[in-house]
Amino acid sequence: MSEQTEQVEQRNKRYNKYVNAVTPKSSIFKSLIKSFWVGGVTCLFAQGIFELYQWAFPSLDTTTISAYMLCTIIVLAVILTGAGVFDKLGRYAGAGAFLPITGFANAMASSAMEFKTEGLILGSQTKFFSVVGPVLVNGVVWSALAGLIHYVISLF
Amino acid sequence: MPVAVQKILTYLLVFASGGLLCMLAQLLIVRTKLTPARILVIFLCAGILLEAVGVFKYMLQYAKAGVSVPILGFGAALAKGAIEGAKTLGFMGAFAGGLTATAMGIGVAVCASFVVTLIFSPRTK
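Those protein sequences? They're chains A and B, same order as listed.
Its first residue numbered 435, the first sequence is counted upward by one per residue in this note's numbering.
Its first residue numbered 3, the second sequence is counted upward by one per residue in this note's numbering.
The shape of chain A in the complex, shown without the other chains (with noise of 0.2 angstroms):
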């Protein structure tokens, strides 16, 4: 049995080794360039509809227009999934399409899109959260316990 998970131990080093040396390295430095630019135009974007639309409604207050803006990019961000446009830009960025909100927009619609096929209902519906999934719970759970520590600690 040792000997067994010993040959299968040595079979995944010689395997990581021969991964590390097909990986190309200088693609590492490009793909970090491409992300850095796409996220901060992403984030520039934004930034720039957000001061639009600080213009268009002085009187509403920041939290409000900051969630205007969020909406605004997320719908653009489903259109271009619908239209097949983000998972190029997904494609060439990397993570700098991904972390962005727009990247969770694109993650809800792309799978339910994917499994339209498979019915609107149990494909398609179902399939809506199988991405963002983790980033709800993980959001809810952990900003729950954010919450309920700062009660706590109000308490005293």
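Be careful, since some hints might not be right.
What the hints assert, rightly or not - Covered by chain A, per the in silico footprint, the following chain B stretches (three or more residues, Cβ under 8 angstroms):
1. 12–21
2. 43–50
3. 61–75
4. 85–92
5. 105–116
To be verified - Taking lysine-lysine and the PhoX-like style, the derived pairs with C-alpha atoms no more than 25 angstroms apart in a straight line are:
6. A:468 x A:522
7. B:59 x B:89
8. A:561 x A:550
9. A:561 x A:522
10. A:550 x A:522
11. A:451 x B:35
12. A:468 x B:35
13. B:35 x A:464
14. A:464 x A:451
15. A:464 x A:522
16. B:35 x A:447
17. B:35 x A:522
18. B:9 x B:59
Since the hints were derived computationally from the structure, they do not count as laboratory data.
Cβ atoms here follow ideal geometry from the backbone N, Cα and C, with glycine treated the same way.
Add chain B to chain A, keeping to what the hints say.
Just chain B now, with coordinates in the frame of chain A:
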């Protein structure tokens, strides 16, 4: 400082901070073989932690959309809502506040995805 220079500085800061966060995530992908879903969760939890200890509002003050648009900002909004909920409603408010604060974004994302799914069909890659 003239207003125009200040604006340009703000935009530079937004661009740089958003870009750096994405670059950090990309570095995690290529260096550690973590899957994108795990990286999203890590950044989300980082946002929650930063908001919970009170650092995030200073980041937001300077980097604006550069930190609120990456998933970090989603986590911070959840935590901010939960903490405010705990302040106003007490114990149970901690469970409701996070979702209340982010409800508009999630609602819009679900509705938009629903409509887009009806209109578009998946294309072959």
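Each hint, compared with the structure:
1. 12–21: As far as the region 12–21 of chain B goes, the hint holds, because 8 residues have Cβ atoms under 8 angstroms from chain A.
2. 43–50: holds (count 5)
3. 61–75: Check passed, 8 qualifying residues.
4. 85–92: holds (count 5)
5. 105–116: Holds, because 9 residues of the region 105–116 of chain B bring their Cβ atoms closer than 8 angstroms to Cβ atoms of chain A.
6. A:468 x A:522: holds (13 angstroms)
7. B:59 x B:89: Judged against 25 angstroms, a Cα distance of about 18 angstroms means the pair holds.
8. A:561 x A:550: holds (9 angstroms)
9. A:561 x A:522: With Cα atoms ~21 angstroms apart, residue 561 of chain A and residue 522 of chain A stay inside 25 angstroms; holds.
10. A:550 x A:522: holds (20 angstroms)
11. A:451 x B:35: OK: residue 451 of chain A and residue 35 of chain B at ~14 angstroms, within 25 angstroms.
12. A:468 x B:35: Holds: residue 468 of chain A and residue 35 of chain B sit about 18 angstroms apart, inside 25 angstroms.
13. B:35 x A:464: holds (17 angstroms)
14. A:464 x A:451: holds (22 angstroms)
15. A:464 x A:522: holds (16 angstroms)
16. B:35 x A:447: Holds: residue 35 of chain B and residue 447 of chain A sit about 15 angstroms apart, inside 25 angstroms.
17. B:35 x A:522: holds (21 angstroms)
18. B:9 x B:59: holds (19 angstroms)
Checked against the numbered hints above, the structure breaks none of them.
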